[in-house]
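There are 2 protein chains.
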Amino acid sequence: MIQLRVDLGQRTYPIMIGQDLLSHPQLFLPYLNSSHLMIVSNHTVAPLYLSKLQDCFPTLKQSLHLLPEGEQYKNVDAVMAIITTMLQQHCDRKTTLLALGGGVVGDIAGFAAASYQRGITFIQIPTTLLSQVDSSVGGKTGVNHPLGKNMVGAFHQPAAVIVDIDTLDTLPRRELVSGLAEVIKYGLINDYDFFCWLEDHIDALLARDHAALVTAIERSCSNKARIVAQDEREQGCRALLNLGHSFGHAIEAGLGYGNWLHGEAISAGICLAARLSCAQGWLDRQQVTRICGLLKKTGLPVRMPKELSAQRILALMSNDKKVACGRLRLVLFHSIGDCFVSSDFDYKKMQDCLGQPPG
Amino acid sequence: MIQLRVDLGQRTYPIMIGQDLLSHPQLFLPYLNSSHLMIVSNHTVAPLYLSKLQDCFPTLKQSLHLLPEGEQYKNVDAVMAIITTMLQQHCDRKTTLLALGGGVVGDIAGFAAASYQRGITFIQIPTTLLSQVDSSVGGKTGVNHPLGKNMVGAFHQPAAVIVDIDTLDTLPRRELVSGLAEVIKYGLINDYDFFCWLEDHIDALLARDHAALVTAIERSCSNKARIVAQDEREQGCRALLNLGHSFGHAIEAGLGYGNWLHGEAISAGICLAARLSCAQGWLDRQQVTRICGLLKKTGLPVRMPKELSAQRILALMSNDKKVACGRLRLVLFHSIGDCFVSSDFDYKKMQDCLGQPPG
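Chains as they are written, first to last, in this note's numbering: chain A, 501 to 859; chain B, 501 to 859.
For the record, the hints were derived by calculation from the structure and aren't laboratory data.
All clues stand as given, with none of them false.
Same chains, same names: a pair is fine if it fits in one copy or spans any two.
No farther apart than 30 Å at their CA atoms in a straight line, the calculated lysine-lysine pairs in the DSSO-like style are these:
(1) K849 <-> K594
(2) K806 <-> K848
(3) K797 <-> K849
(4) K849 <-> K806
(5) K848 <-> K561
(6) K594 <-> K848
Just so you know, these numbers come straight off a predicted model, no measurement behind them.
Pulled out of the complex, with its shape left as it was, chain A reads as follows (with noise of 0.2 Å):
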């Protein structure tokens, strides 16, 4: 087992990497403050791992809540039928909440630990690899509001995260490659050798090797650790970890949560933004094509979708969260492995490349 660490002070927590983590009680009892927990995950994942996570458990008192499965049902209706069950069961301000499942999961069940009695605490069981790599680490929690992805939550930080990579051998395919786009944007932020290695792994990736696997995902981690350690609220290059975010959300909501993936979304506001640095004269048109390239790979998509015209898409950015002041901020290339935020670039020229017939 390989073990990281997100430094935040009083609020540091591990990350836990490894195979059959889900068998052993011993990882979980240091953040156990009561006999009463409470397991929050889907009706996907609980047929395969419920079971044996609460066989860690016998002498504790369990609820169990399950959420539907989808984007589409991240909302706040979701929260509060968790916070029923537990005033139902009793939970009180020493239960531990323990999120089951994937980044959906994870981020509904995480804002309510952080809403439940103003706070409990929760531990990051995530089970796809876009959740392994991202959305468990770093305390973003929250649901989406028909009117923008992720409006409505919190910071609020795990105990631990506990990733057992086992659970990527029964992940559908298409989920293993929308969590690769999360994996590449590590790369493309500020690790050009990790891309490299991405570059001549993403075969082994793509095949379940479970050595890939985990270097993969501790690589990614510990390059989001050290991001989040820096700047807990995105107060400045947290802000990063967003590139292609801006264009993936507003496709997110454009085709209605669900539709595409998170990573399909990203991979494509990805490319778009390669697009537009080079526009700016500011990345090589070569590096545009590695960077598709490894998407498309991947089998990813690496233009925006059909359906969405230019004008909708930009309609629906300007509620982004990362919009500040009234002007957009985007996460833009210098060159892989080097990317910036900044909203000095032309907007026009953003409007071109949105507008380009897909090709």
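Once you have looked at the hints, place chain B on chain A.
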């Protein structure tokens, strides 16, 4: 104008208390991070004070959301309604939210500020005595759930609290009296001299004498600020502020939110805590008489509502946030000005006190 400070490191903020503060934009300007303000108020307070506040900021973009009046509307739907308005008005992370109203407005708007895009700056402008001395200070925000009061929320400190006591001139008498329950609470917890002062000045307070009100508010807020600075997240001594609240919350939930005012329920709860402390042999009978005497003279109830049986109260209390590891924790008395938190009371004695016939 009197200025107090709540010492919370990076989250330190001022409480300003005085007359005609709503006409002084310079009190607000240090806390505005952008040219866009979001004001949340309700249909009772807005006709009285909104235009005064709005006139302070003639050059800023101002968005507005009015809530329905009453504790019965303090729910998550109200929070989501504010967030919808904020998204429609293109509020961003730099927008400052101003909560103009009583405790219900502050609690709902504060939780909206905590949750909007994972947290924005907000200013409390409490317009009732209850909110001026209690709920606006300390960062507790949140809403009710049908199964319990304040069960969904966040700790989110305001950037400033601005108490304009002119707003008390229009406060209905029943609300003024309700607020005095929380004022008296501070004397009871650990400020015996203040309790004596209140015995001497209760008539002046009921007559809305401005000098007496300023003294009472200042003393209450400095008591609260000191306790909150020691224990922001209620891990220890902050629990003392819950004197009367376990019983009080059960009354509010049992009768339906809004039937008894918060201070009325707290008053009955304080008397019950005093009687239980006496039954335990911890508090002198004469002091019980003195406690209930001041509350009664103020015009507050000193008995539990006869509609609620002891059994019903106990059932409602089992979901209280102050339950930890299955044990109810109560704030009880050694003497006036010397309260303590305990779960070591005789449960049977509590049942007896709850079952006492009114008289």
